[in-house]
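Asker: Letter by letter, the chains look like this.
There are 4 protein chains.
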Amino acid sequence: MCTSFKHRPAADGSVVVGRTMEFPAGLPWQLQVLPKGHTFSSMMPGGRSWTSTYGIVGFSAVVETAVMDGINEAGVSGHGLYMTGFCHYAEPRHDGNDLCEGDVIPLLLGTCSSIAELKAAAAGMNICGFDPGVGFVPPVHFVFHDKVSSCILEMRPEGLSIVDNPVGVATNAPFLDWHLTNLRNYTGITASNPTTTIDGFALHPLGNGGGLRGLPGDYTPPGRFVRAVAQVSLAADVADGPAAERSTLHILNTFDINAGLIRETGPDGKPVSEVTEWSTVSNLTGGRYAYRTINDPTVYVIDLATTDFSSARSKPMPDTLTGSFVPATL
Amino acid sequence: MCTSFKHRPAADGSVVVGRTMEFPAGLPWQLQVLPKGHTFSSMMPGGRSWTSTYGIVGFSAVVETAVMDGINEAGVSGHGLYMTGFCHYAEPRHDGNDLCEGDVIPLLLGTCSSIAELKAAAAGMNICGFDPGVGFVPPVHFVFHDKVSSCILEMRPEGLSIVDNPVGVATNAPFLDWHLTNLRNYTGITASNPTTTIDGFALHPLGNGGGLRGLPGDYTPPGRFVRAVAQVSLAADVADGPAAERSTLHILNTFDINAGLIRETGPDGKPVSEVTEWSTVSNLTGGRYAYRTINDPTVYVIDLATTDFSSARSKPMPDTLTGSFVPATL
Amino acid sequence: MCTSFKHRPAADGSVVVGRTMEFPAGLPWQLQVLPKGHTFSSMMPGGRSWTSTYGIVGFSAVVETAVMDGINEAGVSGHGLYMTGFCHYAEPRHDGNDLCEGDVIPLLLGTCSSIAELKAAAAGMNICGFDPGVGFVPPVHFVFHDKVSSCILEMRPEGLSIVDNPVGVATNAPFLDWHLTNLRNYTGITASNPTTTIDGFALHPLGNGGGLRGLPGDYTPPGRFVRAVAQVSLAADVADGPAAERSTLHILNTFDINAGLIRETGPDGKPVSEVTEWSTVSNLTGGRYAYRTINDPTVYVIDLATTDFSSARSKPMPDTLTGSFVPATL
Amino acid sequence: MCTSFKHRPAADGSVVVGRTMEFPAGLPWQLQVLPKGHTFSSMMPGGRSWTSTYGIVGFSAVVETAVMDGINEAGVSGHGLYMTGFCHYAEPRHDGNDLCEGDVIPLLLGTCSSIAELKAAAAGMNICGFDPGVGFVPPVHFVFHDKVSSCILEMRPEGLSIVDNPVGVATNAPFLDWHLTNLRNYTGITASNPTTTIDGFALHPLGNGGGLRGLPGDYTPPGRFVRAVAQVSLAADVADGPAAERSTLHILNTFDINAGLIRETGPDGKPVSEVTEWSTVSNLTGGRYAYRTINDPTVYVIDLATTDFSSARSKPMPDTLTGSFVPATL
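Chains as they are written, first to last, in my numbering: chain E, 27 to 356; chain A, 27 to 356; chain S, 27 to 356; chain R, 27 to 356.
Careful: at least some of the hints might be erroneous.
In this list, chains with the same sequence are indistinguishable; a pair is considered to hold if it fits within one copy or across any two.
[To be verified] In the DMTMM-like style, the derived pairs of lysine to aspartate or glutamate whose C-alpha atoms are separated by at most 20 Å in a straight line are:
(1) 296 <-> 263
(2) 145 <-> 184
(3) 173 <-> 143
(4) 173 <-> 225
(5) 62 <-> 90
(6) 173 <-> 99
(7) 145 <-> 99
(8) 173 <-> 266
(9) 62 <-> 329
(10) 145 <-> 190
In case anyone wonders, no lab produced these hints; they're calculated from the structure.
All chains should be built: construct the whole structure from the sequences, respecting the hints.
Answerer: Below, the structure written as structure tokens:
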């Protein structure tokens with residue numbers, strides 16, 4: 027499960043996107059560069075090929091090119107998020123145009139410089155399901171952001187759906203329209219602290235934050251969607267890119283899922299924790315891709331302007347505790 | 027407002043405590059060392075004096091010695107948290123034993139090596155209210171932790187209350203007994219994902235985390251108390267101190283309050299954000315005190331074993347964005 | 027707004043349906059008999075005509091024949107409920123087959139003896155919107171029940187939708203599929219009282235009913251849908267029709283909306299209460315239609331077996347307090 | 027478990043109180059008259075005696091005089107409600123003044139004409155626990171209402187507590203002060219329907235009632251307390267006693283607990299439903315006591331002005347379905 031959101035634009039126009047990736051521990055995640063001017067072929071046998079115009083930095087697992095989160099040089103970011111029980115992949119057409127879920131971000135970020143371009147490019151794509159080597163076909167959907175808009179790609183029973191995302195938030199099942207309708211159950215939420223008087227008996231909130239009464243505290247996709255919209259819509263104005271990155275990181279913190287809190291049944295029938303494996307901060311206007319992984323408290327950042335996009339390269343993420351708190355004295 | 031919790035002990039016996047400090051931005055926080063073998067005098071005129079046995083590292087504001095969060099060399103940590111509308115300070119007795127809220131942590135951490143000692147030392151203390159220079163007397167209460175237990179000091183209308191804290195969690199108003207009763211409204215919360223079948227119509231949760239249904243998502247003190255207990259009680263087993271520190275940091279993340287999310291009315295009648303100014307990780311068994319401030323994404327750590335406790339020293343915390351994400355390449 | 031639900035079948039096979047009607051006070055509701063063997067014409071100019079096979083008892087307002095809740099002699103009940111903001115009526119085709127929302131129940135209950143028949147009869151109907159004299163076209167949808175199944179008719183942008191209703195519950199906006207998905211946020215709800223122990227600290231619910239933690243208490247359509255499903259699915263087994271009628275009445279009680287609790291803005295811009303104008307209990311197997319109105323505490327019942335269905339007749343409901351508590355002595 | 031509340035005064039000054047009684051089915055409840063001018067003796071051996079000034083009508087079980095809900099001729103009502111796990115009865119003093127829980131209402135309603143008198147009379151009472159023949163000592167607390175105020179009697183570990191009840195609502199555990207503090211978690215609740223706009227994306231509630239977002243929907247004592255306060259504080263103005271009685275009945279409906287919804291473990295280890303056995307409407311200014319029992323849909327009413335208070339009399343309530351919906355034709 028995952029949470030993705032676009033921060034409100036900074037006063038200088040900076041646009042920053044945050045995203046968490048949740049999964050049971052154990053998937054071999056890697057930071058990944060995908061080159062520009064390179065011809066890629068779909069993982070689908072006999073599938074589509076395309077040549078990239080833009081370099082990409084992102085995260086992939088198992089198959090290096092199957093980037094599931096990333097940003098391109100043109101300032102477009104893409105994020106694949108789980109969509110259990112709803113994602114409905116197309117059947118292969120064997121017409122040389124088949125694609126699979128792992129191709130979507132490499133293809134669209136590799137070739138599009140805006141959401142407008144991306145929506146046109148995505149129309150009619152035949153997105154099939156492919157097991158990249160994890161033992162099953164991951165059911166996903168995608169959210170893409172540029173400086174001005176956001177869109178969602180959903181594999182629905184009736185076909186590929188490409189719709190605008192007016193709130194810039196995505197989590198997991200069900201489809202976006204359900205979540206947007208669900209937001210209507212949370213009107214009136216406010217950062218302030220309402221007071222109520224009942225026949226002269228004044229009720230003051232016990233502390234600040236009472237205007238968020240009724241906000242769900244669970245970690246289901248609808249719960250996280252509602253909280254993410256609240257976090258983004260109430261966030262204070264920020265001045266510039268650095269401030270937007272920091273504010274995005276503060277919001278991301280609240281979606282950090284620690285080991286133990288939510289558990290699913292693993293392949294062996296035993297409960298297994300689902301944890302936030304990594305979080306990313308994509309600065310669309312600044313060309314920066316920052317990340318923090320579960321095992322390292324440090325936030326790292328890649329500057330796309332100085333990244334070599336001539337070849338594909340990957341860096342495995344640590345699977346045991348690494349990094350450290352920074353020693354200080356006084 | 028603040029959230030404090032003790033992590034479940036690690037397999038190797040390590041005990042780690044986490045804590046956030048929320049306040050409107052602007053208070054001049056400083057990291058602080060208080061020396062051992064030093065004689066301190068209460069801020070109360072003609073108040074009590076004491077000589078410290080243990081060095082302390084912590085955070086203070088305005089008055090350097092008035093540490094509001096800290097750990098001592100003996101592995102006891104203390105945390106002052108707001109208690110708006112409930113805290114009821116004693117009247118000065120002018121008998122040479124008066125203390126104020128800013129003395130409590132320096133005195134008790136300076137002289138006690140366990141909760142048992144601390145409870146005995148605190149009994150009968152006359153804790154008055156004192157304005158340290160912020161324009162009002164801050165209403166607070168205190169939670170103290172050692173490796174085996176936790177206790178709460180509350181200034182109640184009927185006098186000082188010193189009680190055990192069976193769940194190791196503290197937030198803000200009201201007093202602990204109310205929160206413990208409130209937990210009884212949240213029985214049955216689970217990390218797993220229940221399924222319900224209604225007359226053959228099977229309902230599966232939309233994603234993992236459904237067992238936390240009904241958990242409050244607001245930032246009031248009761249909401250944070252309930253979530254902190256859920257986070258701590260469901261946290262996965264950890265092996266040792268480093269793992270407990272990291273797990274504590276992951277939980278602290280979820281209590282990070284970003285600017286804008288909750289607002290109070292400032293002295294000038296305008297809304298002002300209440301934000302998480304800093305968070306601390308106190309490793310009671312490892313003698314380490316880690317912290318992260320709102321303006322710097324880096325987590326720093328002080329090793330008490332190598333700290334010079336011969337004199338008081340302070341280091342102001344940044345009041346503008348500082349530190350940075352760590353540049354990386356691939 | 028309205029709430030409708032089918033009680034779980036009694037041990038003797040009795041099936042009973044409950045329903046509330048909410049509206050601002052002032053609509054001239056009437057109890058209504060619609061005859062059998064009578065030819066009806068749609069309110070739509072040049073619309074469809076049909077001849078009824080089954081007599082109907084129900085409630086209508088303004089236009090006598092425009093029954094919005096009722097039961098027929100064959101044991102099928104129909105219930106029109108508001109669908110604000112989602113209902114999308116068809117355009118008239120002027121082909122002699124146009125219908126309007128007020129025709130749906132008279133036509134389908136007048137001609138169908140089962141949900142199977144009704145679904146076939148409803149397929150392809152051209153349901154347009156018609157102002158029966160209230161100043162606007164009421165946006166509605168319909169739920170129908172027989173002894174074995176339930177179905178929903180929705181006027182969607184893409185056309186008339188006729189779907190099975192696996193939980194037998196209907197309220198208001200949005201469409202049924204949204205509500206069924208929303209139920210998946212409430213798995214694990216139970217009539218029992220879970221106990222939780224945290225590190226040896228036992229938490230018992232403060233009273234019975236703790237297994238319903240997280241059930242929404244508001245009166246929005248989603249809130250009432252979730253509560254109605256909980257009420258129906260947890261209701262104790264009942265022996266026969268009379269017991270099912272009483273259990274249905276007990277559940278209906280919980281959806282009684284008193285004046286003041288929820289308010290909307292009236293045509294004059296002033297707030298106006300939305301109240302439960304009347305509630306009905308339709309005994310599908312017993313041929314009984316019971317009702318209670320806002321102004322009279324008495325529950326009345328019509329026995330369809332002894333009702334004269336040779337002509338249309340109506341009885342206005344009181345618009346001021348009437349009936350009384352029954353005087354008793356001891 | 028039980029819910030009690032005082033309706034807001036009618037425009038003509040009428041004051042009406044509502045109350046439900048929940049219990050597993052099977053207790054032999056009876057409507058009861060207690061005479062005036064009669065000398066009563068406590069059920070406690072060697073306990074206190076008193077002579078009544080006012081006649082009482084109410085409900086009792088097992089022991090006829092042990093009225094647990096009632097109203098007296100002077101317009102004071104009293105209501106015993108469960109207080110599981112918190113009620114702490116006094117030890118007998120054997121000084122001729124011992125009382126038990128079953129004596130409290132007969133004594134105070136028999137001798138007091140106002141809450142002011144009643145508080146004075148209750149001060150210092152030694153209320154012990156007594157098994158009236160149900161196999162255990164029922165843990166209870168009491169709420170009393172007159173035309174102008176309400177008070178609560180709680181048997182606390184530190185002794186009898188007599189406090190004003192500013193909201194006129196009582197349910198069950200824990201003590202009143204906890205519930206009053208808990209109300210502070212529900213400030214800002216409103217009968218209206220807030221709209222929220224997020225960056226130009228307007229969110230309208232899905233239906234009326236959205237201002238009650240976050241109201242708990244469970245049947246725990248805190249959940250019912252919060253809902254009862256919302257119901258009472260938002261109820262529309264009423265003109266007179268009859269209107270207040272009807273409005274009270276509408277609110278009582280919402281607290282009707284149907285069989286199956288909440289279950290506890292019976293003495294034999296099997297789950298047993300807790301149901302609303304009866305509900306009462308006490309018109310304090312009109313001298314009327316109305317009631318409805320689980321097995322009869324009719325609301326009956328006793329007029330105190332025409333009741334013979336010369337002797338004690340009781341009328342058993344039905345333990346099987348009785349009464350009926352009233353046959354109607356049209």
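Asker: If a hint holds in the structure, say so; if it does not, say that too.
Answerer: Status of each hint after checking the structure:
no.	hint	verdict
1	296 <-> 263	between (45 Å within a copy, 15 Å between copies)
2	145 <-> 184	within (18 Å within a copy, 23 Å between copies)
3	173 <-> 143	within (13 Å within a copy, 54 Å between copies)
4	173 <-> 225	between (51 Å within a copy, 14 Å between copies)
5	62 <-> 90	within (15 Å within a copy, 56 Å between copies)
6	173 <-> 99	within (13 Å within a copy, 51 Å between copies)
7	145 <-> 99	within (18 Å within a copy, 55 Å between copies)
8	173 <-> 266	within (14 Å within a copy, 44 Å between copies)
9	62 <-> 329	within (16 Å within a copy, 47 Å between copies)
10	145 <-> 190	within (9 Å within a copy, 35 Å between copies)
When the structure is compared with the earlier hints, no violation turns up for any of them.
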